[in-house]
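Engineer: Each chain sits in its own coordinate frame; assemble them with the hints.
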Amino acid sequence: MNVDGMKVSYASHGGQAAGLFVQRPPVVVDAATLDPTRASELKSLVDAAIAAPSPAARSDKTRDEMSYTITVQDDGHETRLSQSDTTMSAEFRRLLDWLRHHPGS
Amino acid sequence: MNSRCRCINCITPPHILKKLLENPDGKVRDAALRTLLTTASLRGERRIRSLMGFAAAPSGARRTIFDCNSTTTLPSATLARSEDGRPSSDQTANDAFDGLGKTRQFYKEVFDRDSLDGNGMRLNGYVHYGSAYNNAFWNGSEMIFGDGDGVLFTDFTKSLDVIAHELTHGVTEFSAGLEYHNQSGALNESISDVFGSLVKQWAGQQTAEQADWLIGAEVFTPGTSGDALRSMKAPGKAYNNPTLGRDPQPDNMSKYVNLPDTDDGDNGGVHINSGIPNRAFYLTAIGIGGFAWEAPGHIWYASLKASSAKTDFQEFADTTYLQAGQMYGQQSAEQQAVLAAWKEVGIRISGVRALAGTATRIKKQAALTMGNGRDQDQEIMRRIDELSSQLATLTQEVASLGGGRPH
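In the order they appear, the protein sequences are chains L and A. For the first sequence, position 78 (counting from the first letter as 1) is numbered 127 according to the working numbering, and the numbering increases by one without interruption. For the second sequence, position 281 (counting from the first letter as 1) is numbered 292 according to the working numbering, and the numbering increases by one without interruption.
Honestly, the hints are just simulated from the structure, not real lab data. A couple of the hints might just be wrong.
What the hints assert, rightly or not - To be clear about the criterion: a stretch of chain L counts as covered by chain A if any three or more of its residues have a C-beta under 8 Å from a C-beta of chain A, and this derived list gives those stretches: (1) 90 to 102; (2) 105 to 116.
To be verified - As a list, the in silico DSSO-like pairs of lysine-lysine whose alpha-carbon atoms are at most 30 Å apart: (3) A/Lys321 to L/Lys110; (4) A/Lys354 to A/Lys321; (5) A/Lys266 to A/Lys119; (6) A/Lys113 to L/Lys92; (7) L/Lys92 to L/Lys56; (8) L/Lys110 to A/Lys119; (9) L/Lys92 to A/Lys321.
By construction, the Cβ of each residue, glycine as well, lies at the ideal position given by its N, Cα and C atoms.
With the rest of the complex left out, here is chain A (with noise of 0.2 Å):
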């Protein structure tokens, strides 16, 4: 691909590449798809550069807890443990701290990410905020976290997906940005759950057969019915009884709740629709099998940086196939568990479904044909070939884009 070439692509809206995908001539298809697999990887590269300018100085990612002592006034707390300090006599700031530490751990070694902004972004928490707040947040920089009220919810640090999901917040608004509106917010949402989850399998070296896929466990006190806040491997069902009501996720498509972009309708059901998402994570950590962080990590890693501020449902998954065949190949194992895992979701991967549909309609029309008794066989294996062709110029020129085989 030439410079020109590489230029003029770089402003090609993604939807209108994804229309290209589904294009009868296979020279579009191929074109669309190699100028999204390009994008899809500047994208990533320009979003952390524009960041570069307003990151925080490198700190060496030091953390720092904070005591709000039961008040909401940031300001006004006190240091309850430094990165070179003694442990804490309160539990709570201690679990905030090496929570934070397991995290920025994580990240670095498994994506050598230096903390969320990459650049050793200093890492601050806020812990005993408000009073029964039952809730812990990412205020753009920080984290604070409630004690809960005792009677539903106990000490959000206690769980260490919370705190990762958390701090995930802070990783995705240093790459893709995901408005927190709609699909994209859905997504943002999803992502902090996955890598939430990832850092506690990888804290707890669970493979992905033997973590439990829920986000929160520990938050619930003992005396509240349910599982967890969310569940990844079977969203809907982490709660339901009469004082929490029913697990408002949908596991596939089909159940897509549409709720106003509000307050009340949780910006278009941020938290309600991540569900979907979160399982075909789930299906493809399965499907590959071993530790989810892994293959399947790096691909929705990879994706993430390659994600922008709108994308969707559609798209990310869509990239999550191709940063799959990029990273392990085409057809891999690895990609056929992310195309297997969006399909049972409810999603089909946008070039999959047009080159399948042609390949599935050329071959009901041959039967179609030899039933009728004309001979145009010699035309109907032309075209057969024809697509073979593209098929597999297109899968060598994928492996050629793609770099080295991540582990």
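Just chain L, same shape as in the assembly (with noise of 0.2 Å):
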């Protein structure tokens, strides 16, 4: 995967606040506008998520909780990864706390 090239954006759903995240387009980060060490602890967290192991279904029980979709563009090819708060991957989430934390999100 070509770091320069890779457009990671991510999006919340649900939740107590679903109305406001409804309308909100992808917050979307630009690796080619980070810096190396950021770019490349970035390429590493989404190589991660990636890999990590299908989450557990999810409960059709829960109510209010949130899900997220992380969507990974890189030299034309697009990898969409979907996942909640009870059921989220620890790679998912260390994922999704970096884009969450990172500035302008």
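Structural biologist: Below is the structure:
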């Protein structure tokens, strides 16, 4: 994967504030705008999240749980990961936390 | 009604019964309405009985609050406060504890319901979930609260109606089991808003006129411009600013928002279209007046128990009308308030629409006939008398099916 050509976006869904999220566009992080250290860090997190085993099926009894969609675009390839609060993998959570705390998110 | 008839009635799908309410034959309409009333009551009882098998063992609805210490792993959370323990040094834990207690007390004192399952289910809450987590949710058996990011949102335990909202998801799961998609999901959300708001009003002894009818007003930081997460009084007007956007809730069926049944479509807009039944409840409460947890709350609670997993707005509206008639009498002020409220949000009660339409057509036809100089008065009068008789019979039978008049 070419780090410079990578764009990672994330969107939040559901929860008590679902009305806010439903009309918000995804937050996009363009690796080309990051310094090399941060770009490399992002790539490692993305690779780990994609390689992590699929999470357990979500319970149909949860209510107001939030879910998140992370989309990775790289050289014409698109990978879409969608996981929720109660079922997300540790790798997905680490990537999500990185994206959330990225300046401008 | 004999036992054989009742048995057949129980397996008649509600949508067919609703269609029969529009049948030109008054006897058919009459039978359909009686069947709807009977099955609605049985459905609620049956649902509760079926859940008794796996409901938690009675525990006196004891409360326990755990501290997630900013992690998302519930098993590693530490005890923050228990039913017999002393108050915590952490105000968030105390707020969660108190919110669970007020909600438990509300359901017990107002609806004589012992905890969420009606069987003393234990109440567990988890505070300080995750890092800057902007939410509170029900995981199917327990409550989880985030601290907020401190920018848009603050501690979610600060809002009693949010706590009661989440716990009411448990009540709904143990009664109607409304599916969390599309209209049944929006109804599920609305039920949580209705009873969430009622717990707050009950705790503050506020009348319908005094209440703010806002959900989550306390979770916005002072720097966040907006009234609340949702407004039951004015759906679509809870917030409108560049940071949050504009409240997308509709206040009328004509503005129903069709969203995909996906995560990014909010499961068909369950948090969006809940504005419609939310406003119907608000209008009912204002129409009846006084404390909203009394007649309006009892009508909605009985209707929830009489609903099923796929109940949609129309079916729920019809049920509230029928329940209001059963509990407070046909044509009572309470029933009329329910009828007017649903009409105001663009939902007409099924049976009433058919009957009213028939009467209107007859009146128009009579006027037209008189204008044409035709001598068909006797026939018109006979049909009006017949309709009036059917209505009177229907009213008496419905009243006889009802129980005592709850407070």
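Engineer: Tell me the hint numbers this structure goes against, listed in increasing order.
Structural biologist: Checked against the structure, the hints that fail are numbers 1, 5, 6 and 9, while the rest are satisfied.
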